[in-house]
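Asks: Could you put the whole structure together from the sequences, leaning on the hints where they help?
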Amino acid sequence: MKRKIDSYTLPELPQKDAMPCRLDRRGMLKLTALAFLGVSHVADNAFADEAADKRPQPGDRLVDINGDLGKPLRIDDIKLASKPILAFPFDPATKKARDGSRLNKLLLIKLDATAMNAETKARSAAGVLAFSAICTHQGCDVSEFLPEDKNLLCFCHFSKYDPLADGAVTAGPAPRNLPTLALKEENGELVVAGLLSSAPGAKTNT
Amino acid sequence: MLKKLPWAPLGTVLATLLAPLSASADMANYSPVTEARLISPEPQNWLMYRGNYAGWGYSALDRINVDNVAKLTPAWEFSTGMSEGHQAPPLVNNGVMFITTPNNQAIALDAKSGKEIWRYKKQIPDELQQLHPTNRGLALFNDNAYLATTDAFLVALDAKTGKEKWKTAVADWKSGYYMTLQPLVANGKIIVGCSGGEYGIRGFIAAFDSETGKEIWRTYTVAGPGDPNAGSWPTGKYATGGGSVWITGSYDPKEKLTYWGIGNAGPWMGDTRPGDNLYANSVLALDVDTGKMKGYHQYHHNDSWDWDEVSAPLLIDIEHNGKMVPSLVHAGRNGYLWWLDRDQKGKNDIGFVDAWPYVEQNVFTKIDPKTGRPTYDPTKVPGTNKTTTYCPSLWGGKDWPPEAYNPKTGLFYIPAQNNLCAELTGEPVKYKAGDLYIGVPLQGILTNVRMTEKAKDHIGEVQAWDLSKKKLVWQHNYQYMNWGPLMTTAGNLVFGGGTNDRKFHAFDATTGKLLWEFPTNSGVIGVPSTFEIDGEQYVAVQSGWGVDAERMQGAFNAVLPPEQKNTVPQGGVVWVFKLPK
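Here the protein sequences line up with chains C and U, keeping their order.
Mapping the first sequence onto this note's numbering, position 127 (from 1) lands on 127, and the numbers just tick up by one.
With the second sequence counted from 1, adding 206 to any position gets you this note's numbering.
Hint data in this document are derived by calculation from the structure and do not stem from the laboratory.
Every value quoted in this text rests on a predicted model; they were computed, and no experiment measured them.
Fair warning: there could be bad hints in the mix.
Claimed, not checked - Once the Cα atoms are required to be at most 35 Å apart in a straight line, the calculated DSBU-like pairs of lysine-lysine come out as:
1) Lys54(C) x Lys373(U)
2) Lys121(C) x Lys54(C)
3) Lys660(U) x Lys638(U)
4) Lys371(U) x Lys203(C)
5) Lys676(U) x Lys576(U)
6) Lys662(U) x Lys150(C)
7) Lys371(U) x Lys96(C)
8) Lys660(U) x Lys614(U)
9) Lys373(U) x Lys150(C)
10) Lys638(U) x Lys203(C)
11) Lys420(U) x Lys203(C)
12) Lys662(U) x Lys95(C)
To be verified - Only part of the chain U face toward chain C is listed, based on derived beta-carbon distances under 10 Å:
13) Asp332
14) Pro339
15) Asn763
16) Thr773
From the three backbone atoms N, C-alpha and C, an ideal C-beta is built for every residue, glycine too.
Replies: If you want it as structure tokens, here you go:
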């Protein structure tokens, strides 16, 4: 659903955290969805997005951005050296995806664990590695895996990252590594085992 | 005396005295940029994107000319502190230069010394993704300067101080709308258009009040309900149909008509949206007061090649069969040079005159001589789950870098890419707001380039055409790409960068002889300008490789042998050249 933008002559909307009383887009979506469902009371506070906006936390599960946002991914869902899966963290306490910010997008890929050094292996769960999916260059989605050179690719300006070397930049204009995220396995599910190694996204406000 | 003053007022007095000093030294005599000046710009200044409303990229200055250009030397340089694609022309208004940089910064400089007067930084949302981190310049009007941003705002600045006067949200960046173009000032209005076709936007051109930022009109570039050409789209597809607007329109102030080039339809594969998909890949003629469409011409229908018809046409009077035709001329991304009549039957409608290929093109089998509608070779039309090789490549015969026209030589100059083809395969795609909506595997775009045998000789070209004779008068070749916007002058010169060897070049406008070249800090993909102060002529351009030039280099590196791979250094610098005294 697109935000309704009938009038474009308003001044720039203040940021959400600076304007706690105003319904933002996410709140609108939730209320609209609830209205359509005929829900009579708002048990789920539409204004409290802290959990959804928060970066991935230890203990979080992961859900497929293009799949069921309520169903945590299992190790077996990630196939060896196939197209990466874009995921959001999933807060097990609220049972909600942390989808409040696109900076929370993660890239999951399964690679041959025998090709990993000790550090990379320690960060993986049965060969599954997780990275921020936001290119450090200009903030586009890093969504592709190139099997021939085993690199991750950002389409926007063809920056490449090595998933077996801490997300190091191997080509293109990206200024810094793709942040990594440690994973572990619990009962066949993928579980976040730490924090992102650095802040996700591009730093363009220089 | 000072002791008698309380501290607070003293602070105020000092602040009042000190704060404006740096600006007032350069700005006390700032000349308002009036409508009259824009219609008849004085030669010593460069007040808009292409120097005049007709889009010529031409200057009547001739102190720097074929006889002395070889002596051209740097007068000053200025580091912008930014990386990515620096494409804005240095605008100059009576000694004050204005540039913009990627990441939505605007800078005013003393045009003689390069001293910074002010800098404006539009805050960018952390979540914004910038597929095209660039900006093509400020629009100047009265005492204001207008900036169109990658988070889809139109911002009005005080040209004397750089202070923000107002900003208007033109569209929703979260749904993929963004702007990189220099706004057009026409009849007191500020006119812009949005890009974002790769994200499934519905393109438009819109006009805003120059004083208040209030929207006056909005005309969609994708025909929807109520538009007579809505039937050129399958039901509902118009809402995500693309039709980006990338580049400032040209303008005929007598007729109050403005002409804009429109991008391709989305997603990329034409079989996902059967029909002509108006007004994608077209030129539009709009009434500047109402936004009403007075005419259009679609260069090619149902695009599947990513041939955005990015550039606005140039307004040139050209002789055709003994009659002078008020024309629109456009070197198409589709590889054909288009010659249109902008006043067909005296009705301001757009008519077809002629079109012919200016680079290797293997898709069109014929052009209807009356309408200009091309017929396609079906084996050269990519489709969903269908792999096709076609020429020119997805970057076309010419992408966004503007052509130039010199009224003294009568020649039309094109920065062309030749001997390049592309291989593409479509894939099914679903729309999701803010996500890419292309329908081609991204890996396939990385490795799309196919070089023909002739590419071993050269790829980049600067072409000079005598349009009325349909004759290529001269051509200069570069080994690799040419992403260099062109400028031509009464000194019988053509200037342009665009090569991956960091050079900025000057050619004899009549013969094409290379007369001067200079290696800069980075690759030159900026629009050049020229100006005069105290009797001295200067030539200015920004060097700062990035965006599509860099992307093409990445695509070349993906297919070239190691010894031919290249990385062009980044970093923006304004270069200003003059003759030694």
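Asks: Each hint: holds or not?
Replies: Evaluation of the provided hints:
no.: 1; hint: Lys54(C) x Lys373(U); result: holds, 30 Å
no.: 2; hint: Lys121(C) x Lys54(C); result: holds, 26 Å
no.: 3; hint: Lys660(U) x Lys638(U); result: violated, 41 Å
no.: 4; hint: Lys371(U) x Lys203(C); result: holds, 26 Å
no.: 5; hint: Lys676(U) x Lys576(U); result: holds, 18 Å
no.: 6; hint: Lys662(U) x Lys150(C); result: holds, 30 Å
no.: 7; hint: Lys371(U) x Lys96(C); result: violated, 42 Å
no.: 8; hint: Lys660(U) x Lys614(U); result: holds, 33 Å
no.: 9; hint: Lys373(U) x Lys150(C); result: violated, 45 Å
no.: 10; hint: Lys638(U) x Lys203(C); result: holds, 25 Å
no.: 11; hint: Lys420(U) x Lys203(C); result: holds, 32 Å
no.: 12; hint: Lys662(U) x Lys95(C); result: violated, 59 Å
no.: 13; hint: Asp332; result: holds, 6 Å
no.: 14; hint: Pro339; result: holds, 5 Å
no.: 15; hint: Asn763; result: holds, 8 Å
no.: 16; hint: Thr773; result: holds, 9 Å
Taken one by one, the earlier hints fail for this structure at numbers 3, 7, 9, 12, listed in ascending order.
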